[in-house]
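> On the provided structure of chain H, position chain D as indicated by the hints.
Chains H and D, in that order, are what the protein sequence lines are. For the first sequence, the working numbering begins at 1 and goes up steadily by one. For the second sequence, the working numbering begins at 114 and goes up steadily by one.
Bear in mind the hints are in silico, worked out from the structure with no lab data behind them. Computed from a predicted structure; not experimentally measured. Using N, Cα and C, we set each Cβ at its ideal position, and we do this for glycine too. Please note that a few of the clues may not be correct.
[As the list claims (entries may be wrong)] Among the chain H residues that face chain D by a calculated CB cut under 7 Å, a handful are:
hint	residue
1	L43
2	L46
3	P96
4	F97
5	N99
6	E101
7	F104
8	G105
9	G107
[As the list claims (entries may be wrong)] Covered, in the sense of this in silico footprint (three residues per stretch, anywhere, with C-beta under 8 Å from a C-beta of chain H), are these stretches of chain D:
hint	region
10	119–126
11	152–165
[To be verified] BS3-like mimics (lysine-lysine), calculated; alpha carbons at most 27 Å apart, straight line:
hint	chain 1	residue 1	chain 2	residue 2
12	D	K116	D	K167
13	D	K182	D	K116
14	D	K116	H	K24
15	H	K78	D	K214
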Amino acid sequence: DAGVIQSPRHEVTEMGQEVTLRCKPISGHDYLFWYRQTMMRGLELLIYFNNNVPIDDSGMPEDRFSAKMPNASFSTLKIQPSEPRDSAVYFCASSPFMNTEAFFGQGTRLTVV
Amino acid sequence: LAKTTQPISMDSYEGQEVNITCSHNNIATNDYITWYQQFPSQGPRFIIQGYKTKVTNEVASLFIPADRKSSTLSLPRVSLSDTAVYYCLVTDSGYALNFGKGTSLLVTP
Numbered sequence: 001d002a003g004v005i006q007s008p009r010h011e012v013t014e015m016g017q018e019v020t021l022r023c024k025p026i027s028g029h030d031y032l033f034w035y036r037q038t039m040m041r042g043l044e045l046l047i048y049f050n051n052n053v054p055i056d057d058s059g060m061p062e063d064r065f066s067a068k069m070p071n072a073s074f075s076t077l078k079i080q081p082s083e084p085r086d087s088a089v090y091f092c093a094s095s096p097f098m099n100t101e102a103f104f105g106q107g108t109r110l111t112v113v
Numbered sequence: 114l115a116k117t118t119q120p121i122s123m124d125s126y127e128g129q130e131v132n133i134t135c136s137h138n139n140i141a142t143n144d145y146i147t148w149y150q151q152f153p154s155q156g157p158r159f160i161i162q163g164y165k166t167k168v169t170n171e172v173a174s175l176f177i178p179a180d181r182k183s184s185t186l187s188l189p190r191v192s193l194s195d196t197a198v199y200y201c202l203v204t205d206s207g208y209a210l211n212f213g214k215g216t217s218l219l220v221t222p
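Same shape as in the complex, but just chain H:
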């Protein structure tokens, strides 16, 4: 397996624009996680899915953020409208079970200007 695949690797967008980040988890993994990393706050969990169903979205900062998992092999994190404070590295991770090793993608570096 190629591991967790995220796209794009880098995204630069203007404030107010919609941004969509994409993730392909490892095949057979039932759990998918979205994280955000900044210098100020470290690595924060935004939302996670189990078998394509959102389980805990309490880390999603505002209504501008939304995440979907239409099938077992694809998930999106959308920000609409984007703001400069959303600039961060966004990671997607997957794991076969809860409380086992999570495998991370390479991340998407988002810059909102």
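Frame of chain H, contents of chain D only:
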């Protein structure tokens, strides 16, 4: 969620053993202790996980005292390539992983 406390940064020379201690005073009975490593521009990578006493793998050792209120990640004979951020997590069966800021380890020649 059990909260963890670990040093913000540590320095070491090549070839030395590095011990990073994490405090988790309110750890629950079902919680496991997990450590991850993150290099710049990469996602975190699992290092080791344990419940009690000692766990060792090809990368590190994890020491957990009987009361489980702390744990120590031990990296034997570090090299420059061990420069990274190390995260201590206490994982509850009902919640996913939350990482915080970790310990930034700098290894110099």
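> All hints are to be evaluated individually against the structure, with a verdict given for each.
Now for the hints, and whether the structure bears them out:
1. L43: 4 Å, holds
2. L46: 10 Å, violated
3. P96: 12 Å, violated
4. F97: It is violated, given that the least Cβ distance between F97 of chain H and chain D is near 10 Å, above 7 Å.
5. N99: 5 Å, holds
6. E101: Holds, about 4 Å.
7. F104: For F104 of chain H, the interface hint holds, since the closest Cβ of chain D sits about 3 Å away, which is under 7 Å.
8. G105: Hint holds; G105 of chain H Cβ to chain D Cβ min 6 Å, cut 7 Å.
9. G107: Since the shortest Cβ distance to chain D is 6 Å, the answer is holds.
10. 119–126: Per the Cβ count (0), the hint is violated.
11. 152–165: holds (count 7)
12. D:K116 to D:K167: Within the cut-off at roughly 21 Å; holds.
13. D:K182 to D:K116: 11 Å, holds
14. D:K116 to H:K24: 30 Å, violated
15. H:K78 to D:K214: Between K78 of chain H and K214 of chain D the Cα gap is close to 24 Å, so the pair holds against 27 Å.
Consistency with the previously given hints fails for numbers 2, 3, 4, 10 and 14, ordered from lowest to highest.
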